[in-house]
Every structure is written in C-alpha cells, then in structure tokens.
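S.K.: The lines below spell out each chain.
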Amino acid sequence: MEMPEPNGAVLAKRAQVLARLREVLPQEALITDETGCRAYECDALTAYRCIPMAVALPSCTEDVAEILRICHDEGVPVVPRGSGTSLAGGALPSADSVVIGVARLRDVLEVNTQDRYVRVQAGITNLAVTAHIEGDGFFYAPDPSSQLACAISGNIAMNSGGAHCLKYGVTTNNLLGVTMVLMDGTIMTLGGPYLDAGGLDLLGVVCGSEGQLGIVTEATLKILPKPEGARPVLMGFDSNEVAGACVSDIIKAGILPVAIEFMDRPCIRACEDFAKAGYPDCEALLIVEVEGSPREIDEQLARIKDIAQRHAPIELRESASAEESARIWLGRKSAFGAMGQINDYMCLDGTIPVSSLPLVLRRIGEMSRDYGLDVANVFHAGDGNMHPLILFDANKPGDLERCEAFGADILKLCVEVGGCLTGEHGVGIEKRDLMGVQYTAADMEAQMRIKDVFDARWLMNAAKVFPLAASATRRAA
Amino acid sequence: MRPESEQDLSEMVRATVAPLRIMGGGTRDMGGPVAGAVLSTAGLSGITLYDPGALTLVVRAGTPLAETQAALASEGQRLAFEPMDMRALLGTQGVPSVGGMVAANASGPRRVQAGACRDSLIGVRFVDGTGAIIKNGGRVMKNVTGYDLVKLMAGSWGTLGVMTECAFKLLPAPETEATLRSAPLSVPDAVRVMSAALGTPYEVSGAAVDSEGCVCLRIEGFARQVAYRTAQLQAALGGDWQVLEAPESVALWRNIRDVTEFAGLAGDVWRVSVAPSAAPDLVARMSCPVILDWGGGLLWFLTPEGVDLRARLGAFAGHATLVRASHVTRARMAVFPPQPAALEKIAQGLRMKFDPRGVLNPAMMG
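Chains as they are written, first to last, in our numbering: chain L, 7 to 483; chain Z, 41 to 406.
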C-alpha cells in the first residue's frame with residue numbers, strides 16, 4: 007500500500023512545531039521521543055507502520071482546539087486516533103504528522119435514563135458505555151467485536167456496526183450529537199439530546215467520515231432498555247444455497263431476529279477444533295437469536311424452526327439453558343482466534359444483498375482454488391455483511407501479495423452483485439485504491455467536496471479513503 | 041419542466057440559468073418561498089428493485105409513495121419510519137412522492153423505535169446543481185464505503201441536489217397492534233408516563249399525547265406478543281388504561297402522525313424537537329394548543345398567525361421549525377431553525393459546492 011512522501015518542509019520545522027505544542031500542553035500530554043512515538047506507529051492493520059513526528063494526548067476539547075490551531079497554522083498534517091483498533095489503517099500515521107489521541111478523554115458526563123441518552127467523552131470504550139448504564143437496565147446498541155478496546159470516537163469515525171445491526175442499526179442510527187473540533191480549531195456542536203438535529207444533517211455526514219472532517223471529543227448517544235431475554239437456535243445445512251434460502255425465508259416470514267450469523271465448513275471446523283462448541287460437521291451453519299420474554303422467544307423460535315424444517319436441516323438445536331446459549335455463541339465468537347491459530351489471515355468486510363449469498367460463496371470457492379489460498383466465511387447473514395478470512399503465510403514470499411489480490415477480487419465481486427467494499431470496518435488505506443470499483447469519479451468528487459468544506463487544506467488524515475491519485479491535487483494545495 | 045430520465049434531468053439542470061423549484065408530489069409546501077420554474081420529478085417513476093428476502097427496496101424518486109407502500113404491503117413489509125402525509129395539515133393537493141418524503145426526512149410516531157427516514161435510507165442517486173449525476177450508498181444495509189451523503193440528502197429539501205432514486209432498508213409489518221390510552225393527564229405527568237413506558241423492554245412503537253390530553257402507547261407484533269406486552273405495560277405503569285385494538289389503534293396513530301387535529305384550524309403550526317423532560321416547561325411557556333409525540337420529544341404547537349415562537353420560547357436545548365404559515369410570515373421568519381455561526385458556515389460551504397450557481401430551491405432553507 008503506497009503512502010505519500012512526507013512533506014520535507016514540515017519535517018524541517020519539527021522543532022518549531024513541537025516547541026509551540028509544548029507551550030500549550032502539559033508535559034505528559036506530548037510524546038516526542040522515538041520510543042514513545044513508536045507505540046503509535048500502527049493500528050490493528052499491523053502490516054503497515056510509520057512513526058509519527060509527535061503524539062499529543064489532550065485531556066479536554068479546548069486542548070484539542072489549541073493543538074489543531076497550531077498544526078493548521080504551521081501546515082502540519084494530523085492523524086486522529088481513538089484506541090487504534092482500526093482494521094483498515096484508519097489511524098496509520100505519516101512521518102510528517104502529529105497523532106492526536108483522545109485516550110485521555112474518557113469520562114461519562116451525563117446519564118439520563120428518562121430521556122434515554124448518555125453524554126460521554128469520546129475516548130471512552132464502547133463496552134464502558136454499556137457497563138456504566140446496565141445497572142439501570144439500559145445498553146448502548148452498536149457492538150463491534152473490538153468493543154472491549156475500541157473508542158466511541160473511532161466508532162463514530164468508522165460508523166461501526168456489530169452483530170446486532172439487523173435490529174438495532176449501526177453507530178449513525180444511535181448517535182444523537184457530537185462536540186467536535188475542525189482542523190482550524192473551530193469547536194462545533196452538532197445535534198444534542200433530541201432525536202433530530204436542525205438544518206442539514208451534518209451529524210450524518212460526520213459519522214463515518216474516517217477522521218477526515220474533525221476530531222470528535224464528546225458524544226451524545228441513544229441508549230435502549232435491555233430486552234427481557236435472548237436465546238439462539240443453531241441449525242446446520244448440507245449446502246450454502248439451502249442455508250441462504252432459509253435466511254431469506256425467515257426474514258420474509260415477518261420475524262426480526264436480533265442476529266443471524268452464518269459460518270461455512272472451513273470456519274465451522276476451525277471453530278470446533280478450537281472451541282469445542284459442539285457444532286455439527288456440515289456445509290453451512292446458522293445461529294439465529296431472538297429476544298423477548300421466555301414465551302415470546304418460544305413463539306418466535308417455533309416459527310423459525312418451522313421454516314428451517316422445510317429446508318431439511320441436518321441439525322436443529324434450540325438452546326435450553328444459558329450455558330447452552332453461551333456454548334453456541336462461543337464457537338462463533340472464537341472464529342477469528344481459531345483462524346489465527348491455524349494461519350495468518352486477512353479479514354474482509356464486504357457487504358452483499360443476502361439473496362446473492364449462494365452465488366458469492368460459490369465464486370469465492372472457485373477463486374480460492376485459483377489463488378491456492380484457503381478461505382473461511384463467517385458472516386452477519388441478516389444484513390449481508392460478509393467476513394471472509396483468507397488464510398496465508400506471512401513468512402512465505404509473495405503470499406501476502408497473493409492474499410491482497412484475492413481479497414480485492416472478492417470485494418470487486420461484492421460490488422458486482424450490488425453490494426459494497428466495506429460494511430463496518432471502513433476504507434482507511436486498505437480499500438482506498440478500490441474506491442473506483444464502487445464509485446465513479448463524480449461520486450468521489452462529491453465526497454471530496456465535503457472534506458474541502460470541513461478541512462480546506464486537506465491536513466486531517468488526508469491520505470485515507472480516496473485513491474491517492476484522486477486526492478493528489480487537493481493534498482498538494 | 042418534467043424530465044423523463046436522470047440524463048434528461050442532468051441536462052436540464054446544466055442548461056438552466058434561472059432558479060428551479062424542485063417538486064415531487066407538491067404536498068409538502070414548506071420552507072422559504074422559492075421563485076423559479078417548477079421542475080417536477082413525476083416522470084422519474086417506478087420501483088427499480090424489490091428484494092423482500094433482503095428487506096430492500098430501490099425506487100425512483102418521483103414514484104407515488106402510496107404505490108410504493110402498496111407494493112411493500114403485498115409482501116407484508118413496510119417503511120418503518122411511518123412518513124407523515126402533510127396534505128391535511130397544509131391543505132395541499134397532489135400525491136406524496138418518495139423523493140419528497142426523503143427531501144423532508146419525513147418521520148412519524150415510530151421514530152422513537154425505528155428511527156427517522158434517514159435511518160432507513162441506504163442509498164441515493166441525485167443530480168447536483170452543476171448537473172453532475174452522483175450516487176452514494178447502495179442497496180445494502182451495512183455500508184461504510186466513503187462518506188455518507190445519504191443522510192445529508194435526507195432533509196436537505198432539494199437544496200443540494202435533485203433526487204432521482206432512493207434505496208431503503210425495510211422491516212416486516214407486524215401481525216397486529218394495540219394501543220393503551222390513559223385518562224387525561226397533566227403534561228408533566230404525561231411525559232413521565234411516556235418516559236417510563238419507553239424505558240421498559242416492551243418495545244413501545246408510539247408514545248404520544250392526543251388532543252384530549254390522554255397518553256397513547258402503541259405495541260406492535262405477533263398477536264400473543266401484543267397481548268402480553270400491553271398487559272405487562274399496564275402492570276408496570278399502573279393507573280387505568282383503555283385498550284384500543286387494531287383498527288381503532290391504526291386510525292388513532294394516523295391522526296397523530298398527520299397532526300390532523302390542527303388541520304383546518306386557523307393559525308401557524310410549529311414543530312419543536314427537544315429532550316422529553318424539557319417539554320413540559322416549553323408547553324407551559326407557550327400556553328397554546330399542543331400535541332406531543334415521540335414521548336414528548338416532538339411538540340406540535342398551533343399558534344396565532346405571525347407569532348414568533350422562537351422569541352416566545354427563548355433559549356432551550358432543541359430547535360423549532362415553522363411548518364405551516366402564510367408566505368408573508370415565511371418570508372419574514374426563518375422557517376428552519378437558525379444555526380450557530382460555525383454550522384451555518386459549513387452548510388453554506390456545502391451549498392456552494394453542490395449548487396455553486398444557486399439554482400436549486402434557493403432560499404428554501406434560508
């Protein structure tokens with residue numbers, strides 16, 4: 007993955023920039039030594055690394071504004087950072103950049119269960135939000151797999167999803183307001199503790215803008231009452247087509263499960279070896295979970311099992327206890343760990359129309375044979391968000407490149423059938439050069455105009471999202 | 041002007057030298073008065089793709105909303121956000137269109153549970169003020185590829201582009217519904233009760249106060265589920281509740297959705313968005329007829345003609361939109377909530393980028 011050459015003029019005035027930052031920040035809030043900065047050289051896309059010029063860890067919105075004002079004034083690029091869990095390289099620094107991390111902004115500012123919102127500083131982790139309110143019977147719905155570590159600021163930047171999106175939506179559907187700082191230091195508040203912001207929906211465009219429009223320091227989040235209970239049913243089928251048809255039929259029957267997870271044979275086997283969840287040996291496995299009171303769950307699961315029976319499942323197992331539910335989920339939740347034990351892997355994130363599932367899985371199988379690389383599929387079937395895991399050997403020359411080419415082909419296939427390149431991980435640097443597969447030059451121009459308005463000099467996280475060639479003139483200006 | 045294709049539309053916008061007044065069905069006559077030739081999207085009509093098994097619909101912007109909803113109903117599905125029909129309230133004629141609904145981000149009582157129009161909207165195609173054809177999003181419900189212009193287009197009232205096609209995430213229509221209706225309550229008590237109801241796990245899909253001051257709570261789902269949840273809710277809330285079964289419940293929520301109570305009555309109509317717990321104070325400050333929806337988060341005020349509600353309310357955390365007023369009043373008073381300077385600068389910047397010549401609904405949003 008290519009990154010632009012660092013700006014020599016910026017590197018040359020490093021000392022001057024750092025001196026100005028020292029004037030406004032407490033000593034412990036600015037990291038300038040190489041060892042300290044190295045800790046910020048990458049995010050969860052660890053194949054790409056670069057040590058930044060400095061790292062600033064402000065502890066209030068005003069400090070963020072001061073830092074940005076100086077960087078804007080000096081023409082220094084900045085890279086916003088939440089917890090650094092991006093799988094797409096969204097927080098990858100450049101050598102001429104100042105990383106601005108929000109890790110010290112992690113307070114809960116307000117809990118209002120009557121109006122059903124919380125206001126938090128944006129560096130707080132996703133799970134900490136729910137932990138703070140679950141005693142009151144509430145939760146924050148978006149649940150990305152990294153929720154133990156990932157920050158709300160990063161969730162907003164990437165519009166993060168999770169396993170329960172079919173019912174609860176993604177970050178943008180659960181975000182009521184933000185306080186953010188623009189590249190020129192302007193502090194701005196969008197939305198608030200009410201359901202719609204006035205004027206143009208700027209909040210909607212900030213959410214998912216991958217840290218290119220501003221640094222979010224506070225967020226107002228919608229919270230929901232916890233359901234009475236939840237229970238999964240596990241079903242095994244002897245073909246992907248049949249499993250796909252079963253998903254469609256469940257949805258068409260008017261039932262809205264909170265999650266429908268899909269695993270294919272390679273994934274089932276790896277998980278079973280790793281987690282001993284008691285999965286059947288079959289081609290395709292579905293875990294369908296519904297919520298409600300015990301009787302409501304019984305009724306919904308009875309309908310779901312009726313539908314599944316029409317597709318001749320080779321296994322149909324309803325959880326009878328909390329332990330059994332945990333065991334059913336255990337296999338699915340250990341999928342990535344199980345794969346990591348076998349091999350290096352690359353995790354993709356394309357979304358497809360659910361109806362294209364059998365076709366896409368068949369084509370991925372064919373490509374897997376052509377590339378000589380194994381692939382396992384685990385998939386949020388309800389919303390079409392696929393996570394093919396391509397297995398490769400990082401120590402084998404050429405394997406990573408082959409894996410990346412295979413991944414690109416899968417993502418092109420996702421777009422070809424009516425889907426998209428990324429469902430919840432974001433574009434970052436990882437899928438930047440594939441944007442042209444999904445969008446025309448005019449489509450990308452329309453998006454880049456937005457950045458022109460928020461960050462006219464293209465200093466904030468500028469080498470991400472758009473193909474470098476497409477953004478070149480703007481970044482150079 | 042009535043383009044018959046996206047290409048036609050692109051050429052018309054490119055060629056125009058005078059402002060255009062963008063019109064779908066013409067039923068949502070809101071915003072600042074726009075002088076300009078009418079550009080109708082009625083020629084861009086028809087469902088492009090309906091995939092019930094994937095809960096997805098793609099439809100051209102000029103398609104009548106009723107036609108779209110009928111197609112969904114035949115598969116037991118629906119647009120979850122319950123878009124308001126504004127004809128009764130505004131006294132307009134015509135046929136509401138999909139594009140107009142999106143341009144207005146029209147969202148009804150189910151907003152508290154299912155989100156707004158913008159939350160169900162997953163893709164758009166539009167022609168901007170330079171004539172460029174732009175698409176954003178797509179037809180899948182999880183998509184973070186590039187910036188989300190889909191949300192930006194919803195509620196932009198045709199000022200950033202003319203929508204040609206919209207894609208939606210759908211939800212199954214429930215088997216049935218029922219509504220619990222209380223005795224008349226004071227506004228503070230009503231808001232407290234609605235907040236308590238919305239804080240239960242029973243998935244209340246509507247929480248409003250009707251014109252008689254009675255709290256109405258809607259539950260939707262399978263028949264047995266609705267029976268269970270309405271019983272649980274009554275037990276949790278206490279007090280006496282009347283249970284309205286489906287046909288009556290449906291009619292009641294249609295009236296709340298469309299604010300039919302204020303239809304035909306003289307005066308201006310304002311729509312205020314606020315945190316529910318702040319609602320009682322605002323209602324007290326106005327002392328005029330009011331309807332509460334969204335658990336108290338949405339207030340509809342009927343005020344004497346020409347009254348500046350914003351001045352009367354003073355500062356509060358929320359905002360007010362002037363939904364119905366004479367052209368004279370709308371020319372004198374900002375229809376949409378005035379924005380703080382930093383936001384207004386961004387909004388103006390975006391308009392300059394998407395419509396540099398100012399030909400799309402100029403003055404519509406102030």
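Accuracy of the hints is not assured; some may be wrong.
Which residues of chain L face chain Z? A partial, calculated answer using Cβ under 10 Å [as the list claims (entries may be wrong)]:
#, residue
1, 120
2, 165
3, 206
4, 297
5, 360
6, 403
7, 428
Please keep in mind that the hints were generated in silico from the structure rather than gathered at the bench.
All C-beta atoms in this analysis are idealised placements derived from N, C-alpha and C, irrespective of residue type, glycine included.
S.K.: Determine for every hint whether it applies to the structure shown.
M.R.: Status of the hints after comparison with the structure:
1. 120: Holds. Min distance 5 Å.
2. 165: 5 Å, holds
3. 206: 5 Å, holds
4. 297: 8 Å, holds
5. 360: At 4 Å from the nearest chain Z Cβ, residue 360 of chain L passes the 10 Å test, so the hint holds.
6. 403: Violated: closest Cβ of chain Z sits about 31 Å from residue 403 of chain L, beyond 10 Å.
7. 428: 5 Å, holds
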